[in-house]
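Engineer: Protein chains in written order, with my numbering: chain A, 1 to 420; chain B, 1001 to 1271.
For the record, the hints were derived by calculation from the structure and aren't laboratory data. Treat the numbers as computed from the prediction; the structure is a model and nothing was measured. Heads up, the beta-carbon is just placed ideally off N, CA and C, and yes, glycines get one too. Any given hint could turn out to be false.
As the list claims (entries may be wrong) - Facing chain A, a subset of chain B residues (Cβ under 8 Å, in silico):
#1 1055
#2 1162
#3 1171
#4 1173
#5 1174
#6 1177
#7 1178
#8 1186
#9 1190
To be verified - EDC-like mimics (lysine to aspartate or glutamate), calculated; alpha carbons at most 20 Å apart, straight line:
#10 A/177 - B/1053
#11 A/120 - B/1237
#12 A/378 - A/328
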Amino acid sequence: MQPEEFNPELNSETSMAETPEKDTARREAASVRGLSKSFRGARVLENVSFDVAEGETLVLLGASGSGKTTILRIIAGLEQPDTGSVILHGKDVTDLPARERGVGVIFQSYALFPRMSVEKNIGYGLRIRRRPRKEIKETVDRLLTLVRLEEHRKKYPSQLSGGQQQRVAIARTLAYKPEVLLFDEPFGALDAQTRVHLRREIRALLKQVNVPSIFITHDQEEALELGDRIAVLNVGHLEQTGTPDDVYNRPETEYVATFLGAANLLLGVISGDNVEIGTVAVPVGEDLKRFRDGQAVKLVFRPEDVVLSETGALPPGARRLTNAIIEEVNFVGAYERLTLRLDLTARRPAEGEPPLYTVTINTPERMTGVPIIVTRPKTEAGAVRLRAGTRVAVGLMSYRVLSNYVFATERPSRTVSTRQ
Amino acid sequence: MRHVRGFDIMRPLSIGALVALMLPLILLPLASIFIFGTSKGLASFWQALTAPDAIFALKLSMVTSFWATIFNVLFGLFAAHVLSRYNFWGRNALIVVISLPTAIPTAVAGFALLLLWGPYGTLGRLLAPQGIQVMFTAAAIILANIFVTFPLAFGVIKPVYDTMSASLEEASATIGATRWQTFWHVTLPSLRGAIFTGALLTFARAVGEFGSTILVSGNLAGSTQTAPLYIFAKFNEGQVEAANAIAIVLALFSFAIFSVLFFARDWLEDE
């Protein structure tokens, strides 16, 4: 990497000129292949593979215990995998110690050296490489400008705010031109406001310096905003890797659908070209080839993809599902959240087939119907007011059909008891 | 508090009782050193202090304590590193053994050293034919000082080492530093305060050591007599002024070290 690439002015020009489509030959900056790892007999990682392209930001998203930190530590060389390999810019580094890998790790605790001033921290990587004093000074100056901490250069880490410390930590790793930047929950220790602010700043910074980076987080909002691509991890294996649009709008598993934002799930059965949910049927669409006839599936749709109509006239593009009764209307800031009960009556089960819907809702009224959550933006909520008790037609702007895994559990937030 | 408004009689009473208890036990004995030492005028105090044997005893105490401190700080640093960075079978046993010398009576420590290094001791017997004698020399005093102050520096450095975030050393490694560079640039600066405190504690304790040194040094005036031994010897000879002069110096020295430890704590811990 050339030192000029850190020049923010120079880079903003090139990034304007260069469009992503131009980059036809995708160059892998970092790859992990078939990583597996156990700690004291407990499987932490199960055959994890993914790639990060040059200049790309990949977010490893997963709940705590999903193994995302272990992946990061393996890439950094702070942990050894049981099997699998780590490749940085075409070179297998699996057996190299951390200090020879040339990766930059930004720790959640920042891990700034407390007895070194800001400029000493930033220059550390070059000092231990015994670079000429002049080069160190120039690099430190340039990086201080890049992270906008010029006036804090003589301060010690304890005199800086969390966000400032984080920027010092990034500058400290950029100084020695790392092969890849690894961010270990970098915003975990910050308050909500600083977090949002800083992640936008870092996103812009990463686009400037054009260094491939891997973020780990459990925050789906952070993942969607930061990632060029997102890899969703669940108990040690990758559920799905794709662009934020892919994983949010076209989740491949129920885990991905529910981990990235809210999702409504309805049990159904494949019947011909349709998925049958009780007496209602909606077409499966292009995913049909993935299923066989009679297979149990789930219809998944996001609360914001539901359209409601008192008159029964749905906007073009909406697929009519069924009717529902509005049970609750809550105003939650930017949008309105409605709880509905769908009129889903069970199809008469075939011989030996368990009934799909015999739902009793655990409310004092013991109302029946399948509950779903719908959100409407403020503008729409203001234009068409809906009250609890109103009957409406329910349409879906978009939905996914996913296979109903044996181990998939219903969302715990629902107070639905399905008795037979 | 029960007496939100009025006068709380317990307050002056408890403070008074506290001082009254400390007076005969601590404050008066200390005061009497200074009162007695200077009762015959500063000139005689100065004379007692500058007697050749007295100067020698003070110097010997300082030098032997210095080398014992150097050794124990280096050892404490090394032991803290090994025992907090690696987990192995027998780790706790080692920690107990390192801490043991504080619990052993100093006379027992001196006696044990004699049994090992003395002319008829296990090791001494082998060294004696080579003309090497360890006991009854300055080296014996250093050995005794090392023994009795063994866990002090370790005890201060280890907890700091334990609480020091491992991510600092990991960060240094990912940046590209060797183990030695990490130790020198990252670990050592963070331990600076602990090393300083540990050294002062060790030194202060070594300077005052009596029980073990009287057994191993030979207590020869002008040769192997440390300052505390000098006080004891002069007192036995009835030269109370001579003993008192050195006693004042040692007491003032302790005050100085204690003040540094007490007031420099903020400086040591922050920064």
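Engineer: Which hints from the list above does the structure break, by number from lowest to highest?
Structural biologist: 1, 2, 10, 11
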